[in-house]
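The listed protein sequences correspond, in order, to chains A and B.
Using my numbering, read the first sequence as starting at 1 and increasing by one per residue.
Using my numbering, read the second sequence as starting at 329 and increasing by one per residue.
Among the hints, erroneous ones may be present.
Said to hold, decoys possible - Below 20 Å or equal to it, Euclidean Cα-Cα: the simulated SDA-like pairs (lysine to any residue) are:
no., chain 1, residue 1, chain 2, residue 2
1, A, 31, B, 516
2, A, 31, B, 465
3, A, 69, B, 511
4, A, 31, B, 511
5, A, 155, B, 369
6, A, 155, B, 477
7, A, 69, B, 516
8, A, 31, B, 372
9, A, 155, B, 511
10, A, 31, B, 371
11, A, 104, A, 85
12, B, 369, A, 37
What the hints assert, rightly or not - Between beta-carbon pairs, the in silico distance windows are:
no., chain 1, residue 1, chain 2, residue 2, range
13, B, 654, A, 60, 36 to 42 Å
14, B, 472, A, 234, 44 to 50 Å
15, A, 67, B, 475, 42 to 48 Å
These are computed hints drawn from the structure, not numbers from a lab.
The structure presented is a predicted model; accordingly, all values stated were derived computationally and were not measured.
Backbone N, C-alpha and C fix where the C-beta goes; we use that ideal spot for every residue, glycine too.
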Amino acid sequence: MRRFAIVLVLLLLVSHGVARRTMHALHAQDKPPEEARALDRTLPRAIERIAPSLLKVRPAGPAADMARKTRSAVALERDFAVMDAVSIAITGVDDLVLEDPAGKLHKAHVRGRDSRLRVVALEVEDGGLVPAPRAPALPEAGSFLLALGATYGAKPNATFGIVSATGRFEGRALQVDCGIDGANAGGAVVDLEGRLVGVPVLVDRKLGDDSGVGFVVPVARILTVEDRLRAGDDIQPGLMGIGLPQDEPEISPSLDGGVRIEGVVSDGPAQKAGLQANDVIVKMDGHSVKSIKDFLSVLSDHAAGDKITIVYLREGREATTTLTLVAR
Amino acid sequence: MKNRRVVATLAVLVGVGSGLLRSGRAYEPEAAVPLEETLRKMVERVAPSVVRLQVDGRAQEPRPERRFFRDPSTEPREGGAGIVIRADGLILTHASLVAFDLPRIEVLTGNGRRLPAELVATDTKLDVALVKADPGSEPLPALELGTASDLVPGRLVLTFGNPFGVARDSRPSSSLGVVRSVGPLDAREAVFEGNVIAVDAAVNPGNEGGPLVDLDGRVLGVLAPLARDRRSMAMLGYAIPIDAIAPELERLGKGGRAASLGLFLSAGPELVVARVIPQACAEKAGVKEGDRLVSFDGTALKTKEDLKKALAEKRPGNKVTLELEREGTKVSVEVVLGGRE
Chain A
1 MRRFAIVLVL LLLVSHGVAR RTMHALHAQD KPPEEARALD RTLPRAIERI
51 APSLLKVRPA GPAADMARKT RSAVALERDF AVMDAVSIAI TGVDDLVLED
101 PAGKLHKAHV RGRDSRLRVV ALEVEDGGLV PAPRAPALPE AGSFLLALGA
151 TYGAKPNATF GIVSATGRFE GRALQVDCGI DGANAGGAVV DLEGRLVGVP
201 VLVDRKLGDD SGVGFVVPVA RILTVEDRLR AGDDIQPGLM GIGLPQDEPE
251 ISPSLDGGVR IEGVVSDGPA QKAGLQANDV IVKMDGHSVK SIKDFLSVLS
301 DHAAGDKITI VYLREGREAT TTLTLVAR
Chain B
329 MKNRRVVATL AVLVGVGSGL LRSGRAYEPE AAVPLEETLR KMVERVAPSV
379 VRLQVDGRAQ EPRPERRFFR DPSTEPREGG AGIVIRADGL ILTHASLVAF
429 DLPRIEVLTG NGRRLPAELV ATDTKLDVAL VKADPGSEPL PALELGTASD
479 LVPGRLVLTF GNPFGVARDS RPSSSLGVVR SVGPLDAREA VFEGNVIAVD
529 AAVNPGNEGG PLVDLDGRVL GVLAPLARDR RSMAMLGYAI PIDAIAPELE
579 RLGKGGRAAS LGLFLSAGPE LVVARVIPQA CAEKAGVKEG DRLVSFDGTA
629 LKTKEDLKKA LAEKRPGNKV TLELEREGTK VSVEVVLGGR E
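Starting from the given sequences, assemble the full structure and let the hints guide the process.
What follows is the structure, encoded as structure tokens:
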């Protein structure tokens, strides 16, 4: 009798354990664990954080009439916003208004543009924008991103993806795989904390083709030219007026490498500064130049009109000159 | 303020997390495993409930999304998708798939069964259809319906279906993405006029009729053919929210038509008649353009939603008393309700 009782108790315990495990299994099948929802919860919060800085841009006039001319912009300062260059061509450049998520309208003026970065600057009179929180550093390839726009709808529209590659557009842009199209171009690309990484830009007028290859101009890049943009400058890529060898990426007359000049454009900045074919550029503005990649990276930090100091080798001897970059 | 604190806490947490990662410790893929495992289990569980529909028949008037392309009757039919919502073979799908006169429908299940099926009902406003397959003695696994009412941009979602007809073995394909936006579309191809769920997960020809689901594998909506949004010019994959469909399922399941007054109201909140459809029930009852609707069968009407609810409880052929205000005076008319598909 007693043995029977013990067996019964054991059986009960075992069956209770089995039942609990089975229930747990069922539960696990029906309900994802809380940890699995971390990303699902994080993304909407990131969007909420950047939302006050996302703006609708449209020509002044009744909102309903302008729905198809509305594009996205993002506020960088209380009186300063940017959008992408293709989008502003759709919106038009006269009498723009920016609408913030609270529905408040801000009269805006188009200031400068940067053709290298494909962005256009907007200044607002009332200084009532909410500056976007900024990511402290550029994310590396593989990092999660959200691309957000205000083109339509009351809330930002969102696409999600990762950084596909860094250093695109001669080192000026990030390549991303989140859909970049007319719905979000000119808006914001943010990290998982909703901090601004950069501005999604269109590279041509194919607004709706989501190829999974999109481009984002880092906000830090834009801020380096904020003064010139506010002053209304039209910033163009700076050219030196030289030809580079096609098939000699690593020509190295010395152990340190450098970039050999294939030829100079007559009357171009390089010729005026005394540079000749077969000179080897080894330094630009204090940065050593070992490859064409280094050369392009330094050049892309400059724009037409900038002065740049060049250290070069001619027949083994080092010389220094200064030239002024020109536009195309 | 409360929200801000949540965000700040989250930022700190994420910051600490990413700080750990950057400080040179081994990265921790374990943190992503619960999500991956959830997706794996969920796809496995949802897939058998997503069927492939093969439809043939005499073409009707081409639908808006096809009107600008070739004649649909000559197009090879790769087949779209359908969602099993009841074990006895009731399948929810997109109306475009069954837009044929006397459609011949075959349902292909994930485990390779071919089931004969017939069209139960099409709702031309919701742009969805119900199909009934005969599962014989082996019931079909049904999906649970969820709700899209709390969806916001950025929420993780999955699309299922038969894109480009790739599901040759009839197992559906799936794609992960986020909610792009929730709101009305401005697109020539869009038939459903309410709020839709636009997503950045893959939606392609052949996904229409398939489900949009959340991490729990619950149906959030029925996928529609791609549409080009005229405001952004972006091609949007989108779903018709299940919240709009669910209340109509019972009626549709009976093959029933919805009751209709045979009139259009003006835009805006006012319940003012903009147009009466010629020869329809409202005109026959003497309703005029410019009349304001006051009550429907004794129920006071304040919003368009009130009218929708009142109509939903009626059937075509029911007789109701409609109270109107015409040029400041109240008028009462008797309407024998018509029906719409």
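Structure-based check of all given hints:
1. A:31 to B:516: Violated. Residue 31 of chain A to residue 516 of chain B sits at ~39 Å, over the 20 Å cutoff.
2. A:31 to B:465: Roughly 29 Å separates the two Cα atoms, so the pair is violated.
3. A:69 to B:511: The hint holds at about 18 Å.
4. A:31 to B:511: At roughly 28 Å apart (the allowed maximum being 20 Å), residue 511 of chain B and residue 31 of chain A break the hint.
5. A:155 to B:369: 32 Å, violated
6. A:155 to B:477: 15 Å, holds
7. A:69 to B:516: Holds: residue 69 of chain A and residue 516 of chain B sit about 17 Å apart, inside 20 Å.
8. A:31 to B:372: 14 Å, holds
9. A:155 to B:511: 9 Å, holds
10. A:31 to B:371: 13 Å, holds
11. A:104 to A:85: 24 Å, violated
12. B:369 to A:37: 14 Å, holds
13. B:654 to A:60: 36 to 42 Å: 40 Å, holds
14. B:472 to A:234: 44 to 50 Å: Given a distance of about 58 Å, which is not inside 44 to 50 Å, the answer is violated.
15. A:67 to B:475: 42 to 48 Å: Violated - the Cβ-Cβ distance for residue 67 of chain A and residue 475 of chain B, about 28 Å, lies outside 42 to 48 Å.
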